[in-house]
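Between the sequences and the hints, there should be enough to build the whole structure, so can you do that?
From first to last, the protein sequence lines stand for chains A and B.
For the first sequence, position 160 matches number 160 in my numbering, and the numbering has no gaps at all.
For the second sequence, position 87 matches number 1087 in my numbering, and the numbering has no gaps at all.
Hints in this document: simulated from the structure, not taken from any laboratory.
Ideal Cβ positions, reconstructed from N, Cα and C, are used throughout, including at glycine.
Take a look, some chain A residues computed to stay more than 10 Å from chain B by CB distance: (1) Tyr84; (2) Trp93; (3) Ile175.
Listed next, the stretches of chain A that the computed footprint assigns to chain B, with coverage defined by at least 3 CB atoms under 8 Å from CB atoms of chain B: (4) 49-57; (5) 151-160; (6) 180-194.
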Amino acid sequence: MQPDSPSRPPAPPSQPPQGAARIAGEADLVARTLAGDRAAFGLLVERYAPQARRVARAVLGDPDESDDAAQDGFLSALVKLGQYDARRPFGPWLMRIVANAATDRRRRRQVRKAEPLDPGLVGGGPRPDADAVRSELGERLRAALAELPARRRTAVVLFDVEGYSHGEIAEMLGIPEGTVRSEVFHARRRLRALLADWKGA
Amino acid sequence: MNDEKTFDHRPDPELGAVLRRALDPPRGDQAAFLARVMARYDGALAAATVPTWEVLAAWSRRGLALAAAAAVLVGFLVGRALQRPEPETFDAAMAPTSGPGVTALVTATDPPDASVVFASLVEQR
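What follows is the structure, given as structure tokens:
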């Protein structure tokens, strides 16, 4: 991840620290976790939980299932931590695992049943957020996201919400960078149209 | 917000912000999520650790298969060796089947006729 990349958005408040300091800090946390320091792993989870839960929700829709997938991702990362290259940023590595965990759950769900629109995304789920229920725009956005193919909405969330570069997203999703650009473009077109309607109303 | 027809390489902060609000987990349950992940910390590590006896068992299965294959190969080679006829002695091999044979040709004072040498060699085979 290039800290000064033009595609990097300004860091939102909950975002992990940027640049070399972040990589060094995370490498230290990873080393401590590998040495058996449970608290160090807790810090990594705390730092990345909001991001991981959003990414899982972008893939799955349902908030509860998304949290299960995010948890699977963290625990899978814990087991595979020895494979992490400490010279590289931790976020893309972790998000790849989380996205894979969410995609696996989605596949299993599709095997179990023909999949309707995700109830959590369209706002009619068993436990929608209190904030989301109050926000009509939020509901509309989730409905619009639910209509997008899973890979498209994951790509736009990773790019516009989480601030990863096209190259990083390509690595996470295992698709060419050009495909990521295309997916982000098409997702944005749909979501921007929705926002424009919302503003005009 | 950017023109939807242009391909913008930069993240869209406005779209990002509304998507973030739509996808953010409920406020206040971050601690609960952290607790549920950490509750499975030991279990995840234990499940990932393969017991030594399982490693040995896996290797023993492989070793047994290799030993069985080696036994079959050795049996085949030994059986084949037992079925092969005893090799002839040197003298028997050199004895002429008919006529003077190779020994007569080698010990003769006059050089042999090439056709005779060739014929005797062919006969030996």
